[in-house]
Amino acid sequence: MRFFIAGIMQGSHLGSDLHSQDYRQRIQELLEQSFEGAEVYDPFANHESSVQYDDAEGRRVFYGHNRMCREVDVVVAFVPHASMGTAIEMWEAHEHGHAAVIAVSPLETNWAVKYCSHAIYADLEMFAAALATGEVQRKITQVLEARR
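Going by numbering that gives the first Met the number 0, the first residue of the sequence shown is number 0, and it counts up by one from there.
None of these hints come from the bench; they were simulated from the model. From the three backbone atoms N, C-alpha and C, an ideal C-beta is built for every residue, glycine too. No incorrect hints appear here.
Label pairs and their computed distance ranges (CB to CB): (1) 144 x 124: 23 to 31 Å; (2) 31 x 70: 13 to 21 Å; (3) 95 x 140: 20 to 28 Å; (4) 55 x 132: 40 to 48 Å; (5) 83 x 123: 19 to 27 Å; (6) 137 x 55: 36 to 44 Å; (7) 141 x 31: 19 to 27 Å; (8) 55 x 114: 30 to 38 Å.
In silico DMTMM-like pairs for lysine to aspartate or glutamate, Cα to Cα no more than 20 Å straight-line: (9) 138 x 31; (10) 138 x 38; (11) 138 x 124; (12) 113 x 134; (13) 138 x 35; (14) 138 x 107; (15) 138 x 122; (16) 113 x 94; (17) 138 x 70; (18) 138 x 94; (19) 138 x 72.
With the sequences and hints as input, model every part of the structure.
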């Protein structure tokens, strides 16, 4: 199963400041523990200096990642605060792909989170607990079967 880790990077920061990206390793570990043979793509791992990219490279990476969200099986979106890039990735997966979109976010009433997600977990602990019980796996199977 192919996963894409979407999540806040710059959020509402001005300039090139980034939110902590520590969540990405935790999500990858959880997915690899819960899904045998999981292929997990972390866009930040391949583009840690992306805030310094020139416009041409930034545009190529931005659009490439959005297209990738149409092609994976699952987008796991970490959205502790509003994130325009993550919202676009969620939209692409939900509306133009066949992916299940799983949000890890306290923003359950935010329309982008609410309407572009198949399941929402308030934080990483709740996501981990739902993985441990098989709830996430069942939801992903249900979504993928219905979307194919």
